[in-house]
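> Here the protein sequences come in this chain order: A and B.
95 is the number that numbering that gives the first Met the number 0 gives to position 96 of the first sequence; each next residue is one higher, with no gaps.
13 is the number that numbering that gives the first Met the number 0 gives to position 14 of the second sequence; each next residue is one higher, with no gaps.
Calculated from the structure, these hints are not laboratory results.
Don't take every hint at face value.
[To be verified] Here are the computed lysine to aspartate or glutamate pairs in the DMTMM-like style, where the Cα-Cα straight-line distance is at most 25 Å: (1) A:316 <-> B:164; (2) A:255 <-> A:265; (3) A:89 <-> A:151; (4) A:316 <-> B:270; (5) B:242 <-> A:321.
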Amino acid sequence: MVERKDVELKLNMYRTMLKIRSFEERVAKLFADGEIPGFLHLALGQEAVATGLCAALAPEDYITSTHRGHAHAIAKGVRTDRFMAELMGKADGYCQGKGGSIHLADRSLNHLGSNGIVAGGIPLATGAAFSAQYRESRQVAVCFFGDGAVNEGAFHECLNLAALWQLPVVYCCENNGWAEYSAQSSQTRAVNVAERARIYGLEGVRIEAHDPYVIYQEAKPLIERARDGRGPALIECLTCRWRGHHEGDAQKYRPKEDLDAACNVDCLALFEERLRVEETAEQTTLDQIRREVAEEIEAAVAFARQSPLPGPEIALKDVYKEVEA
Amino acid sequence: MSELYYGQAIGRALADEMRRDERVVLWGEDVAQAGGIFGVSRGLLQTFGPRRVKDTPISELALTGAAVGAAMTGLRPVIEIMFMDFIGFALDPLFNQAAKISHMFAGQFSVPLVVRTAAGGGFNAGPHHSQCLEAWLAHVPGLKVVAPSTPADAYGLLVSSIRDDNPVVFVEHKGLYARKGILPEEPGPLPLGKAAIVREGEDLTLVSYALMVHQALEAAASLAKMGVSVEVIDLRTLNPWDKAGVLESVRKTNRLLIVQEAVKAFGVGAEIAATVAEEALDFLDAPIVRLGAPFAPPAVSKPLEKAFLVSPGQIVEAARRMVGT
Chain A
0 MVERKDVELK
10 LNMYRTMLKI
20 RSFEERVAKL
30 FADGEIPGFL
40 HLALGQEAVA
50 TGLCAALAPE
60 DYITSTHRGH
70 AHAIAKGVRT
80 DRFMAELMGK
90 ADGYCQGKGG
100 SIHLADRSLN
110 HLGSNGIVAG
120 GIPLATGAAF
130 SAQYRESRQV
140 AVCFFGDGAV
150 NEGAFHECLN
160 LAALWQLPVV
170 YCCENNGWAE
180 YSAQSSQTRA
190 VNVAERARIY
200 GLEGVRIEAH
210 DPYVIYQEAK
220 PLIERARDGR
230 GPALIECLTC
240 RWRGHHEGDA
250 QKYRPKEDLD
260 AACNVDCLAL
270 FEERLRVEET
280 AEQTTLDQIR
290 REVAEEIEAA
300 VAFARQSPLP
310 GPEIALKDVY
320 KEVEA
Chain B
0 MSELYYGQAI
10 GRALADEMRR
20 DERVVLWGED
30 VAQAGGIFGV
40 SRGLLQTFGP
50 RRVKDTPISE
60 LALTGAAVGA
70 AMTGLRPVIE
80 IMFMDFIGFA
90 LDPLFNQAAK
100 ISHMFAGQFS
110 VPLVVRTAAG
120 GGFNAGPHHS
130 QCLEAWLAHV
140 PGLKVVAPST
150 PADAYGLLVS
160 SIRDDNPVVF
170 VEHKGLYARK
180 GILPEEPGPL
190 PLGKAAIVRE
200 GEDLTLVSYA
210 LMVHQALEAA
220 ASLAKMGVSV
230 EVIDLRTLNP
240 WDKAGVLESV
250 RKTNRLLIVQ
260 EAVKAFGVGA
270 EIAATVAEEA
280 LDFLDAPIVR
290 LGAPFAPPAV
300 SKPLEKAFLV
310 SPGQIVEAAR
320 RMVGT
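Build the full structure now, drawing on both the sequences and the hints.
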């Protein structure tokens with residue numbers, strides 16, 4: 000007999016994953032129709048990772064995100080309407096249209112920003128963890144990045160520093176096997192990212208990451224351990240990237256078997272099946288969630304379309320923060 | 000009133016601000032145990048403890064990037080890049096993250112960070128330990144760049160830099176550490192963006208900063224004996240620079256000579272010269288002249304470094320040509 004609290008948690012996870020999936024599919028279409036400026040990097044196929052990790056966080060915990068950051072943002076709790084507006088470059092977006100997809104942040108949720116620089120968020124999360132340690136706030140910083148980032152210098156320097164100072168940070172590597180247009184195996188001989196972390200003195204865990212509840216169960220102890228001051232960790236989540244590096248990337252470089260294998264793993268469908276079979280979640284409950292999510296996404300699109308474009312003066316605003324008196 | 004070395008004045012400013020604000024923390028290579036390779040942070044570890052004054056590994060990217068993350072989340076880090084020549088590794092956190100966070104996230108976060116660094120030649124230290132790279136950073140919207148020339152200015156400007164809510168690069172000249180100067184009884188903050196007229200004159204405005212201010216004053220004394228009255232302006236802050244102050248002086252003297260130690264081409268002087276030409280052409284009786292290092296890296300051997308550094312003799316010659324004596 001599963002505890003009620005657990006069922007609720009799993010239903011929330013289902014809602015989050017469905018929201019991410021629906022949002023990404025909707026946004027892919029909007030982008031193709033020219034309603035979203037700039038570049039778009041979708042997290043389709045990878046929804047379980049952000050869902051599982053963020054379920055293990057307290058609201059005051061920090062995250063840093065990546066160019067492929069929509070899943071992190073939604074799992075952390077951003078409003079899909081203001082998020083959609085930001086993607087469309089509108090004034091009601093989280094960053095008044097200045098950041099778009101790749102440079103999105105929400106201070107109220109302790110989301111320290113997605114990042115246009117691969118591995119750009121790794122030092123930021125490390126520093127946020129220092130701040131938490133210094134202030135004795137028991138906050139934790141979770142840092143998302145992909146398998147491509149682990150060959151940047153920032154990865155090595157920051158893991159080394161985090162272990163040295165025993166910072167409350169959990170690094171989450173979303174290893175989908177593809178760094179932009181390159182297979183991970185073409186970029187390094189040291190493909191086991193968790194092992195790299197262990198060498199620097201962090202706790203390192205490597206998991207197949209298609210079930211958000213499994214991810215949650217692996218991540219939660221690492222997060223609480225960091226919170227208790229017992230040191231940083233890295234969780235390497237083996238996942239699947241369904242789309243190209245960016246929208247518009249036809250993935251000609253990717254072997255068909257690899258792409259087919261990835262697309263055959265649908266973490267959302269698997270989780271729905273799990274809920275149905277193991278948790279005795281009613282079909283009506285799941286249908287209700289489906290309806291609510293669909294409504295939310297459509298409302299978000301309507302909100303974003305109605306939002307005005309920012310005036311040109313916004314381009315010059317907030318370059319500097321004015322000195323306090 | 001007390002007489003202090005430039006390095007001591009900086010150390011005093013650090014101590015005073017750390018006493019005043021618990022959020023100020025100090026990181027760098029060899030800044031804690033060793034008190035800094037130039038002795039600037041001597042005693043601070045003993046006074047404030049290892050929680051606030053920390054030695055880092057040789058990891059400029061991590062130390063700078065983590066400081067940005069800490070600054071976003073409640074702290075006011077003052078970090079040191081030992082030699083400005085090492086700032087290459089710290090650039091992404093500075094120009095892509097710190098400089099842009101306020102703007103791209105629409106003012107949700109600020110980055111109250113100070114990066115102290117030692118620039119300049121005169122020690123035959125050669126290509127990797129002698130450079131003046133302030134122009135690179137002055138070119139970045141979102142950063143501020145400060146370059147004090149005296150102990151009193153170093154104190155006051157560092158206090159203001161620490162209290163500023165924006166990322167400030169505080170460029171110390173290593174040749175000035177051994178220079179003494181008077182510090183007032185109750186030294187306080189000096190405003191950023193305000194130059195100082197360190198010698199009044201009528202015939203020519205000489206704009207300079209850092210060590211070159213002293214070369215300029217030496218040249219001005221020689222020129223006075225030749226009947227040429229030079230007004231020497233010490234910029235103190237490079238970005239934002241005191242455009243109004245410089246223009247006012249040029250309107251009075253009708254001649255502008257800019258002296259910098261950094262490579263002349265594409266330097267700070269180029270920006271000042273172009274601006275004055277745009278906004279005060281009618282006031283100029285002679286073309287604007289810039290003096291700076293030739294377009295080559297610094298070298299070790301004595302005659303080679305001498306050929307690289309602008310001398311008071313060269314300043315005198317340039318000024319005489321401009322006034323036609």
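> State for each hint whether it applies.
Hint-by-hint comparison with the structure:
As the CA atoms of residue 316 of chain A and residue 164 of chain B are separated by approximately 15 Å, the hinted pair is consistent with the 25 Å bound. The straight-line distance between the Cα atoms of residue 255 of chain A and residue 265 of chain A is roughly 17 Å, inside the 25 Å bound, and the hint therefore holds. For the hint pairing residue 89 of chain A with residue 151 of chain A, the CA-to-CA distance comes to about 33 Å; that exceeds 25 Å, so the pair is violated. Restraint check: the Cα-Cα separation between residue 316 of chain A and residue 270 of chain B comes to about 23 Å, which is no more than 25 Å; the hinted pair holds.
For the proposed pair residue 242 of chain B and residue 321 of chain A, the alpha carbon gap of about 19 Å is at most 25 Å, so the pair holds.
Violation of the numbered hints given earlier is confined to hint 3; every other hint is satisfied by the structure.
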